[in-house]
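J.: Residue numbers (the working numbering), protein chains in the order written: chain P, 2 to 146; chain V, 156 to 267.
No wet-lab data here; the hints were simulated from the structure. Small disclaimer: the values here were computed from a predicted structure and weren't measured. It cannot be assumed that every hint is accurate.
To be verified - Here are the in silico distance ranges between beta carbons for each label pair: (1) M90/P <-> I161/V: 44 to 50 Å; (2) D74/P <-> E165/V: 57 to 63 Å; (3) R164/V <-> T102/P: 35 to 41 Å; (4) R159/V <-> R93/P: 38 to 44 Å; (5) S226/V <-> Q3/P: 52 to 58 Å; (6) N197/V <-> A144/P: 47 to 53 Å; (7) A145/P <-> G204/V: 47 to 53 Å; (8) R143/P <-> D188/V: 40 to 46 Å.
Unchecked claim - When the alpha-carbon atoms are kept at most 30 Å apart in a straight line, the in silico DSS-like pairs for lysine-lysine are as follows: (9) K254/V <-> K195/V; (10) K65/P <-> K139/P; (11) K121/P <-> K257/V; (12) K139/P <-> K79/P; (13) K138/P <-> K195/V; (14) K139/P <-> K242/V; (15) K251/V <-> K121/P; (16) K121/P <-> K139/P; (17) K138/P <-> K79/P; (18) K257/V <-> K138/P; (19) K242/V <-> K79/P.
What the hints assert, rightly or not - Just some of the chain P residues that point at chain V, by a computed CB distance under 7 Å: (20) S16; (21) I17; (22) D34; (23) T36; (24) M45; (25) T102; (26) E106; (27) L110; (28) V114; (29) T119; (30) K121.
Each residue gets a CB set at the ideal place from its N, CA and C atoms; glycine is no exception.
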Amino acid sequence: MQIINEFRMTVDSKSINEGFSRAAVAAFVAQLDPTLDEISDIKMAVSEAVTNCIVHAYPTSVGKIYIYAAILDGGTVKVSIRDKGCGIMDVRQAMEPLFTTLGGERAGLGFAVMESFTDKISVRSVLGKGTTVTLYKKINGRAAV
Amino acid sequence: MPVRIISTRERVTAFLEGEIDHHSAADIRMDIDSALMQYKPNLLKLDYGDVTFMDSSGIGLIMGRYRLVQSFGGKVLVTNLSPQIYKIMQLAGLEKIAKISKREDVNSADNK
Ligand SMILES: Nc1ncnc2c1ncn2[C@@H]1O[C@H](COP(=O)(O)OP(=O)(O)OP(=O)(O)O)[C@@H](O)[C@H]1O
Ligand SMILES: [Mg+2]
């Protein structure tokens, strides 16, 4: 699919950047005139992926989070969130609802939320090298309502 | 302040506000837990009337409070949810551990 418009940013893996990252992607997507529900779905999915970088990928240090968003031909949004952190041993297992390696206050639902609030998700991870989560969502927009 | 708390011996009510994520959850948790430890109420009521965003960190927040309240025999009630947040709580199966309910009048809540 052809790229209509794209944007990139890099943020430190500090929790204060969770709100900033989802708001920045939402503002970029605003050019498609999305509904409030569509915006909210995107914010939720981006928030999950960015939080995972902060909590899991760089558990004891501050690393970089690389965020890329593109508007594709036909009104689909592609967002990828990449880290150079610890990586995931078994991606299939990590994506199962309720699976978490942290426990405590983590529900193990981040990937389940990303899956149910977007159209498609792909996860690529290499142990010790990092993880890339790519999300796709078709924006029908307010004109369609 | 992301949370305002009103406590009695019977019930602790927490009015949550703004965006609940991993960043804000830490302070909210501390405030609610200190009220819970002080009053050990029969009921913890979480009011989401002024919450504009929540992700799975908010689910963890409720599950953690549920465990604490349950340890002294209390119950958890989650009220005033926006349709979006109601949806994520259902996805998480939270109705198994807490009574959850949507906002009465969605339009007036969104337009204020
Ligand atoms: N970027 C990442 N780097 C390394 N490990 C990750 C990354 N993202 C996810 N994981 C692993 O996948 C597991 C599942 O992630 P998921 O977001 O579904 O749940 P969680 O983060 O543990 O809990 P929640 O998102 O509900 O707070 C995590 O516990 C962690 O082990
Ligand atoms: Mg997560």
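J.: If a hint holds in the structure, say so; if it doesn't, say that too.
T.: Consistency of the hints with the structure:
no.: 1; hint: M90/P <-> I161/V: 44 to 50 Å; in the structure: holds (45 Å)
no.: 2; hint: D74/P <-> E165/V: 57 to 63 Å; in the structure: holds (59 Å)
no.: 3; hint: R164/V <-> T102/P: 35 to 41 Å; in the structure: holds (39 Å)
no.: 4; hint: R159/V <-> R93/P: 38 to 44 Å; in the structure: holds (42 Å)
no.: 5; hint: S226/V <-> Q3/P: 52 to 58 Å; in the structure: holds (56 Å)
no.: 6; hint: N197/V <-> A144/P: 47 to 53 Å; in the structure: holds (50 Å)
no.: 7; hint: A145/P <-> G204/V: 47 to 53 Å; in the structure: violated (30 Å)
no.: 8; hint: R143/P <-> D188/V: 40 to 46 Å; in the structure: holds (41 Å)
no.: 9; hint: K254/V <-> K195/V; in the structure: holds (19 Å)
no.: 10; hint: K65/P <-> K139/P; in the structure: holds (28 Å)
no.: 11; hint: K121/P <-> K257/V; in the structure: holds (28 Å)
no.: 12; hint: K139/P <-> K79/P; in the structure: holds (9 Å)
no.: 13; hint: K138/P <-> K195/V; in the structure: violated (45 Å)
no.: 14; hint: K139/P <-> K242/V; in the structure: holds (20 Å)
no.: 15; hint: K251/V <-> K121/P; in the structure: holds (28 Å)
no.: 16; hint: K121/P <-> K139/P; in the structure: holds (10 Å)
no.: 17; hint: K138/P <-> K79/P; in the structure: holds (7 Å)
no.: 18; hint: K257/V <-> K138/P; in the structure: holds (26 Å)
no.: 19; hint: K242/V <-> K79/P; in the structure: holds (23 Å)
no.: 20; hint: S16; in the structure: holds (4 Å)
no.: 21; hint: I17; in the structure: holds (6 Å)
no.: 22; hint: D34; in the structure: violated (18 Å)
no.: 23; hint: T36; in the structure: violated (11 Å)
no.: 24; hint: M45; in the structure: holds (5 Å)
no.: 25; hint: T102; in the structure: violated (14 Å)
no.: 26; hint: E106; in the structure: holds (4 Å)
no.: 27; hint: L110; in the structure: holds (4 Å)
no.: 28; hint: V114; in the structure: holds (5 Å)
no.: 29; hint: T119; in the structure: violated (13 Å)
no.: 30; hint: K121; in the structure: violated (18 Å)
Of the hints listed earlier, those the structure fails to meet are numbers 7, 13, 22, 23, 25, 29 and 30, in rising order.
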